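Participant: What follows is the residue order along each chain.
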Amino acid sequence: DAGVIQSPRHEVTEMGQEVTLRCKPISGHNSLFWYRQTMMRGLELLIYFNNNVPIDDSGMPEDRFSAKMPNASFSTLKIQPSEPRDSAVYFCASTPRLGAQETQYFGPGTRLLVL
Amino acid sequence: AQSVTQPDIHITVSEGASLELRCNYSYGATPYLFWYVQSPGQGLQLLLKYFSGDTLVQGIKGFEAEFKRSQSSFNLRKPSVHWSDAAEYFCAVGDGGYNKLIFGAGTRLAVHP
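Going down the list, the protein sequences come from chains A and B. Just so you know, the numbering used here puts 40 at position 40 of the first sequence, and the rest follows in order with no gaps. Just so you know, the numbering used here puts 91 at position 91 of the second sequence, and the rest follows in order with no gaps.
FYI, nobody ran anything at the bench for these hints, they're computed from the structure. Since the model is a prediction, treat every value here as computed from it, not as a measurement. Don't take every hint at face value.
Cβ pair distances, simulated, as ranges [claimed, not checked]:
#: 1; chain 1: A; residue 1: T20; chain 2: B; residue 2: S72; range: 38 to 44 Å
#: 2; chain 1: B; residue 1: A110; chain 2: A; residue 2: E14; range: 33 to 39 Å
#: 3; chain 1: A; residue 1: R97; chain 2: B; residue 2: H82; range: 30 to 36 Å
#: 4; chain 1: B; residue 1: A105; chain 2: A; residue 2: R85; range: 17 to 23 Å
C-beta: ideal position from N, C-alpha, C; glycine also.
Just chain B, same shape as in the assembly (with noise of 0.2 Å):
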């Protein structure tokens, strides 16, 4: 079955720190990937996304994100973070013979000053 796995439940970083949140999925055909953030009280947002060519692909806010088959992960990267980016991140799959997506847990982000 589809499936979406985020390692990290919380990651703190400092403010201008990097930061690297990791996704891996489970996916039999090639997938299409997605990366939304949610902010507090917020619907989620699209950052990134993924169905195929270049496998690093740039987002809004600064983000990009690299697809790495062998590895089946989708990993989100922004080199200099702001306080604003602390938020909730989802990673999903599409679902070509459903239609749907599926979301990962999420990983929140706490950014220190």
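This is chain A alone, in the form it adopts within the complex (with noise of 0.2 Å):
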């Protein structure tokens, strides 16, 4: 049974460029959560959604993210410009459905490398 698919698992861009995450939730799920992990800030959740919608993007960090769900099976963290204080491992994560006592399951990450 596939897990949580991310892509790509590495990127690298210069600052100002448009960097575009992808994430495919385990079939079935009906609930995603996007995370950013830095040594400085740890584990942050940015945004999550369910059934499609945002539920809550307080943890988005700025105007130049933004998450989009156009479908159960697919979802995408973009970042535009992108700055080097967005270097990070982006997780995606998904549940079966929305509540605190559900079990995460993650994906493997992206880690971005913005020059």
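Quick one: dock chain against chain with the hints and give me the complex.
Facilitator: Okay, here's the thing in structure tokens:
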């Protein structure tokens, strides 16, 4: 059974470029979460969706960040324009349904480096 | 506000030794508590979770954790550590009001042969 799939696994870009990260949740999972992990700030929740609808985007750092979930099997996180301080590992996670008791299943992450 | 504290940033143990990783939480109601493990270059994987009932919960890979309400703690233990346990360990509390997890800063475990 396939887990959460993220692409690309690694991304190197230059400051000012647009970056798009992709996530495919586990089939049948209705909730999807985007996290950012850095040494300084640890694991931060950026945004989460339920049934393709954004529920809480209070963790999105600024307007340069946007996320969409056009259907149940695909989500994107876009950074435009990118800055060096956006360098981090970005994780996507999914759960069968929304709820604080649900186990989150994490993808392998996308390691982003902005030069 | 809800929070999770993992007091130990780094811990080093010898292979075969016992292990205890500390976790303290701040949450008004009965918490949903989790321990996740992250191996180098990987995503997080659930080790175990506590919702209610028996305060000693068993997880995968020989780990267990004990919920102590009086101490607001949920410490992770393993009787005998293996070299493959070297990883980063995250404690988390489920925020029922917002349907999301609040993670601690993590504890990085190194295992000496």
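Participant: Does each hint fit the structure? Answer for all of them.
Facilitator: To see whether the hints hold, each was checked on the structure:
no.	hint	in the structure
1	T20/A <-> S72/B: 38 to 44 Å	holds (41 Å)
2	A110/B <-> E14/A: 33 to 39 Å	holds (35 Å)
3	R97/A <-> H82/B: 30 to 36 Å	holds (34 Å)
4	A105/B <-> R85/A: 17 to 23 Å	holds (19 Å)
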